[in-house]
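The opening residue of the sequence shown carries number 36 in our numbering; numbering runs sequentially from there.
Because the hints were derived from the structure by calculation, they are not lab data. We put the beta carbon where it would ideally sit given N, CA and C, even for glycine. Some hints here could point you the wrong way.
Said to hold, decoys possible - Cβ-Cβ distance ranges computed for the label pairs, FRET-style:
1. 342 with 93: 53 to 63 Å
2. 196 with 113: 53 to 63 Å
3. 281 with 98: 38 to 48 Å
4. 93 with 275: 13 to 23 Å
5. 88 with 281: 52 to 62 Å
6. 240 with 113: 44 to 54 Å
7. 282 with 363: 15 to 25 Å
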Amino acid sequence: MTGGILAVAASLLVHRLLGYDPIFAGLVGVIAFLIYLQLLAAVDWRVERRALEHRMMALHADYQDAVTAVEDTRQDIQTLRREVAQGGKLSSSELIAELRVLQTLLSQVAQKSASPMRTPSTLSDRLNHTASAHALDHGVLKGEKIPPAFGAAATPDTERREILGVMHHALEENRIDLYLQPIVRLPSRKVAHYEAFSRVRDDKGQIIFPRQFLPVAEESGLVGTLDNLLLFRCIQVIRRLGPRRPGVRFFCNISSRSLDDEDFFPQFVDFMSNNADLNDRLTFEFAQDDVRRHSDDVARGLATLGRQGFRFSMDQVRDLDIDAQSLALRHFSFVKIAADVFRAGQGPLRRADLKGILARHDMELIVDKIEDEGTVIDILEDGVELGQGYLFGEPRPSRDSAAAADDARDEP
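Using the sequences and the hints, build the whole thing.
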């Protein structure tokens with residue numbers, strides 16, 4: 036439209052003002068129209084070129100972003116491959132170590148089930164046997180009735196074989212359960228840690244309590260095997276818990292038989308070294324008598340675990356003759372004392388000074404077997420900050436305890 040008007044105007048200008056004939060004037064108009072079209076095409080071409088340049092620049096930027104993303108993805112894939120390969124090697128190493136330990140446990144049970152053993156003369160003697168007083172004291176929950184697991188007319192040898200048979204099948208069929216008892220902060224009574232105990236079920240699902248099987252198991256050497264199984268159950272709970280409730284530790288008792296077992300103890304040290312990521316979750320407990328008599332091999336093995344970050348606890352304390360400095364150098368972080376022993380205060384240390392002495396060596400005092408409020412009031416006067424006992428909670432199946440820990444909103 037604009038070009039046509041421009042051509043007509045040029046023709047009229049040439050014809051009327053300059054006096055040229057109409058044919059020439061019309062030719063000038065056509066030429067003017069063509070020139071207009073050329074100029075218009077040139078302008079459009081320049082605009083399109085600039086737009087094309089912008090599109091090319093955008094495509095180049097997108098290309099560079101894509102190249103960078105591909106390179107990042109390639110590096111991520113390579114990193115993932117390395118991590119998977121390393122994780123596979125680590126998992127295989129851990130699995131092999133665990134299988135070796137479990138193989139030792141199975142062989143222990145098989146040997147104990149078939150080997151001769153000296154037995155007490157009566158069932159009453161076995162039930163009142165005090166070879167492991169700590170486990171016996173914690174063996175039966177309040178209000179629970181101990182079922183008669185075996186016939187009253189059974190002979191000691193027959194009952195021994197039945198007990199060991201139950202233990203053998205319980206191990207093979209995964210019927211040894213983990214129970215957890217809370218260790219609480221005082222005076223708030225918030226759960227800080229847990230201590231682990233074992234419960235055994237027979238083929239009918241009936242619980243066999245430590246007070247029933249422990250004396251026979253002690254004489255047969257099976258207590259060490261149960262301690263070791265308890266450790267694996269603790270590890271399973273810790274792995275399920277993951278990063279939740281940081282700071283919560285699980286106290287796992289290690290018996291003198293486990294420490295003295297030349298087959299098991301080195302494998303135990305290797306296994307825990309391969310699981311050093313559990314060092315802020317697992318605390319191994321040893322009786323005071325065992326701590327005092329640790330052999331050089333045991334001391335070296337525990338020192339290895341201590342350097343890996345694992346910490347230890349001394350329990351079953353008989354008196355307050357405690358060398359806090361020596362314990363701290365051996366990577367002990369806790370001392371657990373029964374309420375009656377602590378209140379009696381027998382030993383060179385005064386009970387009022389014990390917490391402060393331990394604190395100077397970065398150790399914590401736990402008073403356990405607390406059964407009444409009067410005991411709580413008494414130990415609070417001595418500054419005790421950690422307590423354990425039926426007053427604060429009975430041992431419960433690990434599934435219930437883990438759920439309670441997960442649901443708790445307050446950090447310990």
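For this session: Look at the Cβ atoms of residue 93 and residue 275 and judge whether their distance stays inside 13 to 23 Å.
Result: violated, 51 Å
Fill in: Verdict for residue 281, residue 98 (Cβ pair) under range 38 to 48 Å
holds, 46 Å
*asked:* The hint says 15 to 25 Å between residue 282 and residue 363; measuring C-beta to C-beta, is that right?
replied: holds, 20 Å
Q. So the hint says 52 to 62 Å: do the beta-carbon atoms of residue 88 and residue 281 match that?
A. holds, 57 Å
message = Quick check on a hinted range of 53 to 63 Å for residue 196 and residue 113, using CB atoms only.
response = holds, 59 Å
Exercise for the section: With respect to the beta-carbon atoms only, verify the hint that residue 240 and residue 113 lie 44 to 54 Å apart. Expected result: holds, 51 Å
Q: Could you tell me whether the CB distance from residue 342 to residue 93 stays inside 53 to 63 Å?
A: holds, 58 Å
Hint compliance for this structure: hint 4 alone is broken.
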